[in-house]
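Numbering-wise, the numbering used here puts 418 at position 106 of the sequence shown, and it's gapless, one number per residue.
Since the hints were derived computationally from the structure, they do not count as laboratory data.
By construction, the Cβ of each residue, glycine as well, lies at the ideal position given by its N, Cα and C atoms.
Among these hints, one or two may not hold up.
[To be verified] Here are the simulated DSBU-like pairs of lysine-lysine, each with C-alpha atoms no more than 35 Å apart in a straight line:
1) K418 <-> K396
2) K325 <-> K418
3) K396 <-> K320
[Unchecked claim] Label-pair distances were calculated between CB atoms; the ranges are:
4) D382 <-> V422: 29 to 37 Å
5) R436 <-> S316: 17 to 25 Å
6) E423 <-> T331: 17 to 25 Å
7) R405 <-> R436: 13 to 21 Å
8) K418 <-> V448: 32 to 40 Å
9) D382 <-> D449: 32 to 40 Å
10) R386 <-> P407: 30 to 38 Å
11) G383 <-> P321: 20 to 28 Å
12) D419 <-> E395: 34 to 42 Å
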Amino acid sequence: MDISSLLKPGAVKVIGHLTSKKRLFQELGEIAAAAYDLDAASATDALQERESLGPTGVGHGIALPHARLDGVDRVVGAFVRLEKPLDFDAVDRQPVDLIFALFAPKDSGVEHLKALALVSRTMRDAQICAKLRANVDPAKLHAILTEARPVAAG
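When you get a sec, could you build the whole thing from the sequences and use the hints?
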């Protein structure tokens, strides 16, 4: 599994400013609907439901919201780069500007976890994050993410 199998070029977006986590999840739901033909409201609700269990802000300006929902046949992703970081209740209390969301089938077990681990390793790479923060072109952001070779779990 690699990021290019999870993330379509059309599922990458740069957004200037959002006022809330709820609005971010709505954007992610709309991106998933446009790129993968998912139901936007269901995708948004699933992200919010998962977030209510505990924040998915992992620190260093990164959030990895994820959800399981009906209507998706494999794990897919959406990436958003915010030009103005958003308060996200992250573990380090820092606002987030790089968000990689995953949507998985309800009954996906290990595939969802493998995808989450892959994205987490990729987003932990400081060089990759620096490149993502230095670019505003969605095509370039997609290229950075899909060409990334994350460090193996240690």
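Of all the hints numbered above, which does this structure not satisfy? Sort the numbers upward. As far as the earlier hints go, 4, 6 are violated by this structure, in ascending order.
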